[in-house]
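K.L.:
Here is how the chains run, residue by residue.
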Amino acid sequence: MQEKIIVLDQGVDVAKVAAMAGCCIGRPSTAATSSPAK
Amino acid sequence: MHLSPFLKIFSLPEKKEARLLFSTKSCALTLLSDETLAAVQAGKAAPETMDTLVRLGMVVADPAKEQQEMHDYLPTVNRLNPNLRVSVILGMACNFACVYCYEGSLKGSVAMSDATADQLIAHLLARFAADQKKRLILDFYGGEPLLYISRITSLASQLKPAIEALGGTFNFTLVTNGSLFTPVVVKELVALGLVNAKITIDGPADNHDRFRPFKGGQGSWDAIVANLKACRGLCAITLSGNYTLENHATFSSLLDTLAAAGFATTDFDSVQFFPVMQVNDRFANPEFTGGCCSNDEPWVHATSLMLREAIMQRGYNFPKLQPATCMVDIDDAFTVDHDGAIYKCVTLIGHPEFACGDIWHGMAPGWQEKYCADHWQGKEQCRECEYLPLCFGGCRYMALQREGSMAGVDCQKDFLDATLEKMLMQDLKYRYPTK
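Chains A and B are the protein sequences, given in the same order.
Residues 1 to 38 in my numbering are what the first sequence lists, from first letter to last.
Residues 1 to 435 in my numbering are what the second sequence lists, from first letter to last.
None of these hints come from the bench; they were simulated from the model.
Being a predicted model, the structure only gives us computed values, none of them experimental.
Don't take each hint at face value.
[Stated by the list, open to error] With the Cβ distance kept under 10 Å, some of the chain B side facing chain A (calculated, not the full set):
no., residue
1, Thr36
2, Val54
3, Leu56
4, Ser87
5, Val175
6, Met277
7, Val279
8, Cys372
9, Pro389
10, Arg431
Every residue, glycine too, gets a C-beta built ideally from N, C-alpha and C.
Model the full structure from these sequences, guided by the hints.
P.N.:
This is the structure in structure tokens:
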């Protein structure tokens with residue numbers, strides 16, 4: 001049987017998360033959630 | 001081998017024989033046939049299939065060990081973090097009078113002095129060298145940071161060569177209202193390391209001008225849109241907007257207005273709208289209502305999905321899901337106020353009870369208790385939550401505004417239960433339409 005797997009997104013590893021870490025307001029948010037507005 | 005505890009599996013309405021797999025830990029996304037999924041669960045899948053799923057974090061040898069690794073995730077982030085990332089509040093002057101601004105009455109004429117700026121440079125260089133960092137990133141805030149253009153250029157023109165002499169890279173971003181964001185300014189700043197500007201437009205002109213007027217009351221929409229048009233392509237621009245319970249339905253029309261005005265989707269690095277947080281703070285405008293106190297308010301679920309769809313449908317880039325870290329959790333990220341005080345969140349400047357030290361003496365002992373660092377570690381609901389990597393206890397500032405304390409976590413489970421599957425279906429439709 002031919003197994004079928006389609007990888008749509010490789011995701012991110014912890015090193016990539018580390019490279020993006022910082023303030024939540026100055027960078028794009030991860031989800032559609034609220035952040036303090038200014 | 002076992003399915004990861006951080007794996008979510010969803011059915012597809014239009015592909016009955018397939019499943020969508022999403023890892024909340026890696027945010028990897030795959031499509032798998034029912035037969036293959038059954039083979040994986042039975043331990044009978046082909047080695048190459050298992051290898052792929054292991055690589056994506058969807059299948060693990062030991063689920064208990066993976067859960068333990070997740071508890072160590074943030075220390076690992078800190079160990080691997082190549083950056084020193086600092087939010088800098090240059091001063092509290094602002095030429096806008098946004099009705100919901102959390103800085104509220106904190107705004108005024110105070111600004112960073114020359115002596116404080118000199119010490120900031122010394123502090124950053126010492127810390128960069130001591131921690132053997134690769135990149136210094138400053139996020140300039142205010143007030144309105146472009147009212148402090150000479151301070152920005154002074155800091156950047158000293159830090160850039162100094163960091164490069166240490167073998168590192170220097171960059172900075174702006175969180176600006178956009179009214180002073182002109183080509184002359186942007187070109188000068190890009191040469192000094194500007195890589196991104198986040199600019200806020202609150203929907204169509206009439207709504208925006210009501211919520212984000214100049215201090216004198218005049219509308220600011222025309223000025224911002226003209227600046228955006230003139231600065232396209234000069235640096236990455238993140239377009240943001242803050243909506244309320246009453247006005248969220250108008251926001252998608254902004255995207256059509258921008259298209260009609262000649263903007264391309266590629267003119268913006270990303271577009272994202274946020275519900276305004278209802279701030280219960282001594283500085284905030286007491287007359288403002290219509291924000292949310294929690295992401296669990298049903299209108300927030302529905303509107304965040306609706307606006308995400310509107311953005312993606314029109315071809316704009318909406319940031320991908322990724323594990324969420326908070327400045328509190330990141331050793332080499334902090335906020336420096338205009339007076340040199342250090343905080344672990346930009347929203348808490350002006351609250352001396354949340355100061356963590358200063359740029360003359362460094363971090364003071366005990367700051368972790370003030371910010372309830374690692375608060376989620378003590379909660380069983382978090383330790384065993386499949387959404388932990390997307391949340392890590394949520395937003396401490398929102399918990400503080402809602403409950404008067406950061407001690408309780410700002411749980412995102414209900415929000416993600418209500419929205420994650422729908423967000424992934426949007427991704428499937430707009431990010432990966434050929435699949």
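K.L.:
With reference to the structure, classify each hint as holding or not holding.
P.N.:
Status of the hints after comparison with the structure:
1. Interface restraint check for Thr36(B): the shortest CB-CB distance to chain A comes to about 4 Å, inside 10 Å, so the restraint holds.
2. This hint is violated: Val54(B) has a C-beta 12 Å from the nearest C-beta of chain A, more than the 10 Å allowed.
3. Below 10 Å, beta-carbon pairs count as interface contacts, and Leu56(B) has one with chain A at about 6 Å; its hint therefore holds.
4. The beta carbon of Ser87(B) comes within 5 Å of a beta carbon in chain A, closer than 10 Å, and the hint placing it at the interface holds.
5. A distance limit of 10 Å between C-beta atoms decides the matter here; for Val175(B) the minimum to chain A is near 5 Å, and the interface restraint holds.
6. For Met277(B), the shortest C-beta to C-beta distance to chain A is roughly 5 Å, which falls under 10 Å, so the interface hint holds.
7. Satisfaction of the interface hint for Val279(B) is found here, the shortest Cβ-Cβ separation to chain A being roughly 7 Å, below the 10 Å cut-off.
8. Hint status for Cys372(B) relative to chain A: violated, with the closest Cβ pair at about 16 Å, above 10 Å.
9. A hinted interface residue such as Pro389(B) counts as satisfied when its beta carbon comes closer than 10 Å to some beta carbon of chain A; here the least separation is about 9 Å, so the hint holds.
10. Proximity of Arg431(B) to chain A holds as hinted, the smallest CB-CB distance being about 8 Å (cut-off 10 Å).
Violated hints, in rising order: 2 and 8; the structure is consistent with all others.
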